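Q: Can you build the whole structure from these sequences, using the hints too?
Going by full-length UniProt numbering, the residue at position 317 of the sequence shown is 317; the numbering climbs one at a time, nothing skipped.
It is possible that some hints are incorrect.
[Said to hold, decoys possible] Here are the simulated DSS-like cross-link-like pairs (lysine-lysine), alpha carbons at most 30 Å apart as the crow flies: (1) Lys60 with Lys73; (2) Lys275 with Lys304; (3) Lys60 with Lys101; (4) Lys277 with Lys292; (5) Lys314 with Lys340; (6) Lys340 with Lys277; (7) Lys340 with Lys292; (8) Lys302 with Lys314; (9) Lys35 with Lys15; (10) Lys277 with Lys304; (11) Lys47 with Lys60; (12) Lys37 with Lys140; (13) Lys304 with Lys329; (14) Lys329 with Lys302; (15) Lys314 with Lys329; (16) Lys15 with Lys73; (17) Lys73 with Lys41; (18) Lys277 with Lys296; (19) Lys47 with Lys15; (20) Lys292 with Lys329; (21) Lys41 with Lys15; (22) Lys304 with Lys314; (23) Lys60 with Lys41; (24) Lys37 with Lys73; (25) Lys340 with Lys275; (26) Lys47 with Lys101; (27) Lys101 with Lys51; (28) Lys41 with Lys51; (29) Lys329 with Lys340; (30) Lys140 with Lys35.
Source of the hints: derived by calculation from the structure; they are not laboratory data.
In this text the structure is predicted, and so the values were computed from the model without any measurement.
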Amino acid sequence: MASYAMLQERIAVAKDLLERVESISGGQKKGVEGKAKLCSKLRAELKFLQKVEAGEVVIKESHLQSTNLTHLKAIVESAESLEDVVSVLHVFTYEDQAGEKQTLVVDVVANGGHTWVKAIGRKAEALHNIWQGRGQYGDKSIVKQAENFLQASRQQPVQYSNPHIIFAFYNGVSSPMADRLREMGISVRGDIVAVNSVAGAEEGEDALSDSSCESDADGDETEDLTLTRVDRDTIVASLSFPTEVKVDVCNRVNLDITTLITYVSSLSHGGCHYKFKEQVLTEQAAQERQEKVLPKLEEFMKGKELFACHSAVKDFHIILDTLGGPGEKARAAELLQRIKVVPDQPSERTMRLEASSKVPSSADDNKKYTLQLEALWDSQY
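A: Structure (structure tokens):
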């Protein structure tokens, strides 16, 4: 039977992680997506360990060391170390280089979506062996996984910028592997350990038996490398998570009809204290009294190039000429001077979209905006 002391330690870790997951909070009011999934995985691990404790399951001590708990602990610690966590264990869909649909699990999505983290709990020895083609069948090297992360991130831009990728190693990473990852544009967190050259000798059984949920049947990756062995006692560097993540913010803003109307409407300029007959305007006025929208718009638009498509500006003019008050028309004229109007160039994908409650047609949009402005006009003038 597995070591009782080690078993108790693993059970205590599982319980502690469950409590810590509940305290993980992001920068969004809706909370961190995927917390329930992470808790479910931790409960499954705890249940398994408790079965071992009760004698219902018998495993080797080496298997107890390599449960999924190591990886789950790495995820929790990563989430605790980052700001504005959006989700954990988030599944992204992307197309690989062959055009085939693939899925990728990102352990932690942080900084409002701008940072993707892969938390790695496996030992540096095992990771290094796999990278050099000395792993077990089905093990995918970290470098291959990094390629998948890069491919997926290019297809999941956040505010027109690709997410920044961090590989967080909680049991070390060899210096050559860390260098290769950084050459690819991946940031590395964790202890970077040295390697020594060996004459084709295999690593010990312990390193190769260190299996975890991070393995993925994708065939062995062959690398033209000199065989080396990890020297865990020699730490080259210890890297923490970056305190500041530089994001290439897009300095161009596309304004739709909703934004144009909101920016010039009397409702956003002190007219939120009127009593309206229409329920929708009553709700909007209440929201405006509680949290004014104009300061947020101005802050977001500050220092950026403003754009609007031809059809949006055309429809905005029609609505404004029909229903706009003097103040609204004056504000609109000032706003339009700051906007660069671009031709309508909808993509083929956009043209294939069918009108629905979530994708209203232009006519439906115009009718909705016209009715709202008309009600606002009637209430004030």
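Q: Could you run down the list of hints and mark each one as holding or not?
A: Comparing the hints with the structure gives:
1. Lys60 with Lys73: Satisfied, since the Cα-Cα distance of roughly 21 Å is no more than 30 Å.
2. Lys275 with Lys304: 35 Å, violated
3. Lys60 with Lys101: 38 Å, violated
4. Lys277 with Lys292: Roughly 21 Å separates the two Cα atoms, so the pair holds.
5. Lys314 with Lys340: 13 Å, holds
6. Lys340 with Lys277: 36 Å, violated
7. Lys340 with Lys292: Status holds; Cα separation ~26 Å.
8. Lys302 with Lys314: With a Cα-Cα distance of about 24 Å, the restraint between lysine 302 and lysine 314 holds, given a limit of 30 Å.
9. Lys35 with Lys15: It holds: about 15 Å lies between the C-alpha atoms, which stays within 30 Å.
10. Lys277 with Lys304: 37 Å, violated
11. Lys47 with Lys60: 17 Å, holds
12. Lys37 with Lys140: Roughly 24 Å between the alpha carbons, so the hint for lysine 37 and lysine 140 holds.
13. Lys304 with Lys329: OK: lysine 304 and lysine 329 at ~23 Å, within 30 Å.
14. Lys329 with Lys302: 22 Å, holds
15. Lys314 with Lys329: 14 Å, holds
16. Lys15 with Lys73: 11 Å, holds
17. Lys73 with Lys41: 11 Å, holds
18. Lys277 with Lys296: With Cα atoms ~27 Å apart, lysine 277 and lysine 296 stay inside 30 Å; holds.
19. Lys47 with Lys15: 10 Å, holds
20. Lys292 with Lys329: Given that 30 Å is the threshold and the Cα spacing comes to 21 Å, the pair holds.
21. Lys41 with Lys15: Judged against 30 Å, a Cα distance of about 12 Å means the pair holds.
22. Lys304 with Lys314: OK: lysine 304 and lysine 314 at ~22 Å, within 30 Å.
23. Lys60 with Lys41: With a Cα-Cα distance of about 21 Å, the restraint between lysine 60 and lysine 41 holds, given a limit of 30 Å.
24. Lys37 with Lys73: It holds: about 14 Å lies between the C-alpha atoms, which stays within 30 Å.
25. Lys340 with Lys275: 36 Å, violated
26. Lys47 with Lys101: 34 Å, violated
27. Lys101 with Lys51: Not satisfied, since the Cα-Cα distance of roughly 38 Å exceeds 30 Å.
28. Lys41 with Lys51: 16 Å, holds
29. Lys329 with Lys340: 18 Å, holds
30. Lys140 with Lys35: 26 Å, holds
Of the numbered hints listed earlier, those contradicted by the structure are 2, 3, 6, 10, 25, 26, 27.
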